[in-house]
Amino acid sequence: MPTPSPTPTSGAASGPVRKGILRREDPEALGLLRILLVAVFTASMLTHVGAVAEYFSDASPLYGDYARRAFPSRFSLFFYVRDPWAVRIVYAAGVLAHLAWLVGLFTEVAAAAAVLVWISMVGRNPLLYSLPDQLHTALALLLAAMPSGRGLSLDARLRGKRRPVPVWCRWIVQLQMGVLYTATGLLKTGKPWHGDGTAIYYALVNPYNRHFDLAPWLARIQPWILRPATYLVLMWEIVFGAFVVQNWVREAWRRRLRGSVGRWLAVDLRPVFLGFGVLMHLSIQFMLYVAFFTPLCIASYAAFLEPDEVRRLLARCRRR
Amino acid sequence: MTKGAAARLLAVLEVGWVITLAAAILLPFLPGEPLRPLRDAVVRAERWVSFQQRWGMYAPYPQLSQSYMVLSATWPDGTTSELEESEAAKTGWGTTWFGRKSRRDIWRYYALLQPRKANRNRAWYLRMVCVREARRTGRIPETIVMRRIVRRFAPPEAVRSGKLALGRPRTSVVARQSCTQPSVRTMIHADPFAHPNLRRS
Numbered sequence: 001m002p003t004p005s006p007t008p009t010s011g012a013a014s015g016p017v018r019k020g021i022l023r024r025e026d027p028e029a030l031g032l033l034r035i036l037l038v039a040v041f042t043a044s045m046l047t048h049v050g051a052v053a054e055y056f057s058d059a060s061p062l063y064g065d066y067a068r069r070a071f072p073s074r075f076s077l078f079f080y081v082r083d084p085w086a087v088r089i090v091y092a093a094g095v096l097a098h099l100a101w102l103v104g105l106f107t108e109v110a111a112a113a114a115v116l117v118w119i120s121m122v123g124r125n126p127l128l129y130s131l132p133d134q135l136h137t138a139l140a141l142l143l144a145a146m147p148s149g150r151g152l153s154l155d156a157r158l159r160g161k162r163r164p165v166p167v168w169c170r171w172i173v174q175l176q177m178g179v180l181y182t183a184t185g186l187l188k189t190g191k192p193w194h195g196d197g198t199a200i201y202y203a204l205v206n207p208y209n210r211h212f213d214l215a216p217w218l219a220r221i222q223p224w225i226l227r228p229a230t231y232l233v234l235m236w237e238i239v240f241g242a243f244v245v246q247n248w249v250r251e252a253w254r255r256r257l258r259g260s261v262g263r264w265l266a267v268d269l270r271p272v273f274l275g276f277g278v279l280m281h282l283s284i285q286f287m288l289y290v291a292f293f294t295p296l297c298i299a300s301y302a303a304f305l306e307p308d309e310v311r312r313l314l315a316r317c318r319r320r
Numbered sequence: 001m002t003k004g005a006a007a008r009l010l011a012v013l014e015v016g017w018v019i020t021l022a023a024a025i026l027l028p029f030l031p032g033e034p035l036r037p038l039r040d041a042v043v044r045a046e047r048w049v050s051f052q053q054r055w056g057m058y059a060p061y062p063q064l065s066q067s068y069m070v071l072s073a074t075w076p077d078g079t080t081s082e083l084e085e086s087e088a089a090k091t092g093w094g095t096t097w098f099g100r101k102s103r104r105d106i107w108r109y110y111a112l113l114q115p116r117k118a119n120r121n122r123a124w125y126l127r128m129v130c131v132r133e134a135r136r137t138g139r140i141p142e143t144i145v146m147r148r149i150v151r152r153f154a155p156p157e158a159v160r161s162g163k164l165a166l167g168r169p170r171t172s173v174v175a176r177q178s179c180t181q182p183s184v185r186t187m188i189h190a191d192p193f194a195h196p197n198l199r200r201s
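Going line by line, the protein sequences match chains A and B. Residue 320, in our numbering, is where the first sequence stops; the numbers in between run on with no holes. Residue 201, in our numbering, is where the second sequence stops; the numbers in between run on with no holes.
Excised from the complex, chain B in its bound form (with noise of 0.2 Å):
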C-alpha cells in the first residue's frame, strides 16, 4: 500500500471513528415509530457497556413529594421487628451532607419507586433483604413486609401563608416478600456467606 492510500484509509477510520461516537451520543435519541427497532437496539448495547443517555433528571416534574421505606420482618415465633431501611423514615426529614449517604440509600430509592405497580428491582431488594436478615441472625424470616413514607411538599404560596414545607405523613404498604418460598430458601441456603446456623441445616 502506498503511503497516500495508507494515509487516506487512516482518515476514512478516523471519521468512522467519530461518527461511531457521535453516533452513540445521538442515536437514542432517534424519534419516530419506524427508527424504534434501531433505536431499541442501539439503547440495548449501550446499556450492555452502562452508557446511557437518559437524561430525565427533574423531568418532566420535579419532585413533589419524599418517600421513604419502612421494611419490617416477622420472625418464626411470630414477633416482628423493624429493619434498617425504616431509620431513614424517622431521621430522613431534616437536612443532608456529603458523608450520610451512602449508595445503599439510591437501591433503596429504586426499590420504591412506582409503589403501585410491580417493579423487578423492589422484588429482587426483597429478596436480598431475606438473604441478609438470614446472614445476620441465622434465623429465616417468614415475611418482608415493605411500607412506604410519603409527605408531599407543599406549594410555595401555601407556605408563605404559614402551611408546613412538609406534609403529614402518610403510610401505605407496598410490598410483601415470603422469605420461605422455595425460591428465596435456595438462594438463602446456597449463600456461600451462610450464617453458620443455616449451614447446618
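In isolation and in its complexed conformation, chain A is listed as follows (with noise of 0.2 Å):
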C-alpha cells in the first residue's frame, strides 16, 4: 500500500492549531483503533442474541408507552419500533452495520447507523447496562464523530478513499481515557482506598463477580500484596490524566522541547503508563468477571500508538 506522506493543513488555522490538533497523519493508526475497538463493540452486540426481542421489544414486560414513562430521559428507536420481528430486524441490521464498521466498508454510514441502533438498545432499557457499556457508548459515538474509514479499510483499499486523518482523533479517544481514570481515582476518596489499603481485596472477594474463591489466601497476600497495590493503582489513575496531556506535548512538539523541562516533557511515558494498564486490566480480567471492560480499555490503548509505529507493527505481521 502507498504511503503518502502527512499532508499539513491549509494554512488557515493559526501555527500552534496548525501543527497541534490539525497536524494531519498517516491513517493506519486510527484504522487499527478503529477495527480494534469496533472489534469489541461487535461481540458485545453478539452478546444479546436470543435476548433481543425480551429486552427491546413489546415482548418485554416492561412494554410500549410504559418503558418510556419508565426512562424518559433516553432516546430510543424502540420505543417507536416495538415489534418483537421488526426490534430483530433493527437489531440485525445494527450487527451488520457493525461488521461494515469493523472492515471499513461506507464507514460514515456503517458508524451512524451502528451507534444508532446501540444507543436505541441502551436507551430502550439503560438498567441492563453497566459500566462497561457505558465506556462502549462514550467511545462508540466518539470514533463514530471521527473520519475512521480512511485507513487499513475496505473504503481505503476499494474506493480510494485513503487520505490522512487529523491527529486529534486519536488525541480524543486519549482525553476520554485519561478523563475515564482521573475521575474514578479523585472520585475514590474512602478508607479502603486511601486508609487501611484494602479497596483490591474487597473487589476480589466479591462473590457478585469474582472467578476464584480465595478469601483466606487473599487475606493472607492482603499486608505485601494487595495493599500496595491498591495504593499504586489509585496513584495511577489519578496521574494517568497527567500522562494525556504530557503524551499530546511530546507528539505535538517532541523536536522542539529543550531545556530540562522539555527534556522531561519529551520522555516517552507511554511503555510505563500503559504497561501498567495492560497488567492491571489482565489482572482485573483473570481475577474478576468484568464483562467487556478489559478488551475496550486494552483496545483503547491503541489511541496512543503513532503511525510509525502502527506500520512497522503491521509490517511485522505481514512478515509472519
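Since the hints were derived computationally from the structure, they do not count as laboratory data. The reader is advised that the hints may include incorrect statements.
What the hints assert, rightly or not - Now the stretches of chain A that chain B is said to cover, found in silico as 3 or more residues with beta-carbon under 8 Å:
(1) 52-59
(2) 72-84
(3) 120-131
(4) 211-223
(5) 246-255
Stated by the list, open to error - No farther apart than 25 Å at their CA atoms in a straight line, the calculated lysine to aspartate or glutamate pairs in the DMTMM-like style are these:
(6) A/Lys161 to B/Glu14
(7) A/Lys161 to A/Glu306
(8) B/Lys101 to B/Glu87
(9) B/Lys117 to B/Asp105
(10) B/Lys90 to A/Asp213
(11) B/Lys163 to A/Glu54
(12) B/Lys90 to B/Asp105
(13) B/Lys163 to A/Asp213
What the hints assert, rightly or not - To be clear about the criterion: a stretch of chain B counts as covered by chain A if any three or more of its residues have a C-beta under 8 Å from a C-beta of chain A, and this derived list gives those stretches:
(14) 14-21
(15) 167-173
Yeah, the Cβ is synthetic: ideal placement off N, Cα and C, and Gly gets one too.
Starting from the two chains in their separate frames, assemble the complex, guided by the hints.
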C-alpha cells in the first residue's frame, strides 16, 4: 500500500493549532484503533442474541409506553419500533452495520447506523447496562464522529478513500481514557483506598463477580501485595490524565522541546503507563467477571500508537 | 468563495468540532455552583443519547457487602410462591464466569440500590414483575414482596484470624407492590402479550 506523507492542513489555522490538533497523519493508526474498538463493540452486540425481543420489544414485560415512562430521559428507536420481529430486524441491521464499520466499508454511514442501534438498545432499558457498556457508548459515539475509515479499510482499498486524518482523532480517545481514569481515581475517597488499602481485597472477594473463591489466601497476601497494589492503582489512575497531556505535548512538539523541562516532557512514558494499565486490566480480567471492560480499555490504548509504530507493527505481522 | 476562504472556514469548523467533542467529555466535570445550570444542561443532553461521564467505579468505596433480591408473590387464593429472582440469593455466593450472568442481573442490581430510600427503578421493576407473572400464569398476583439478603465481607485481618469471608445473611423487606392497584391492573390488561385468560377477562 502506498504511504503518502501526511499533508499539512491549510495555512488558515494558526501555527500551534495547525501543528498541534489539526496536524495530519497517516490514517493507519486511526484505522487500527477502529478495528480493535469495533471488534469489541461487535462482540458486545452479539451477546444480545437470543434476548433481543425480550429486552427491547413489546415482548418485554416493561413494554410500549410504559418503557418510555420508565426512562423518560432517554432516546431509543425501540420506543417507536416495538413489534418483536421489527426489533429483531433493526438489531440485525445494527450487527451488519457494526461488521461494515469493522472492515471499513461505507464507514461513515455504517458507524452512524451502528451507533444509532446501540444507543437505542441502551436507551430502551438503561438498567440492562453497566459501566463497561457506558464506556462502550462513549467510545462508539466518539469514534463515529471521526473519519476512521480512511486507513486499514475496504473504503481505502477498494474505493480510493485513503487520505491523511487529523491527529485530534486519536487525542480525543486519549482524552476520554484520561478522564475515565483520573475521575475514577479522584472519586475514590473512602478509607479502603486511602486508609487501610483494602479496596482491591474487597473487590476480589465479592461473590457477585469473582472468578475464584480465594478469600483466606487474599487476606494473607493483603498487607504485602494487595495493599501496595491498591495505593499504586489509585496513584496511577489519578496521574493518568497528566500522562495524557504530557503525551500530547511530546507528540506535537517533541523536536522543539529544549531545556530540562523540555527533556522531561519529551520522555516517552507510554511503556510505563500503558504497560501498567495492560497488566492491571489483564489481572482484573483473570480474577473478576467484568464483561468487556478489559478488552475495551486495552483496545483504546491503540489511540496512543503513532502511525509509524502501527506501520512497523503491520509490517512485522505481514512478514509472519 | 475563494479557495483560501473555503479552507479557512473548514479549519474553523474542524476546530469547532474538536472543541465540541472535548467539551462533551469535560463539561460534566465543571466545578462550582455558578456553573451548575450549564453542567446540568449538558448532562441532560448527553443522557438523552446515553453518553455519560459518571465514572465512579469502586468509588468512593468498593462494595463492602453483597445483596440479592428475593421476590415472593401472593396469589388471590392466599398461596405464596418465590419468583425466579430468588435463585441468586441461594446460588450467588460462590464464583461466577462469563455466560452465567445475563443483563437481567444488572437490572436487579439497580432495582435493589438504596434499599431504605425511594427508588423509581425499583417501582418500575416491581410493576414489570406483576406483568411478567400475569403473563406467565394467567393470574394476577395480589402482591409482590421484595426482600433483600445481604452478606457483609469480613475485613482481611478478621479472615486471617479464622473468620469466614462472608458474614451471616441478613434479610429485610425492601418494598411491597400491589398488582391489583388500578394503574398496574391497566398495565397488565393492556399488555399485547397478555396470557389468553387475561385477554378474555
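Which earlier hints can't be squared with this structure? 5, 11, 15
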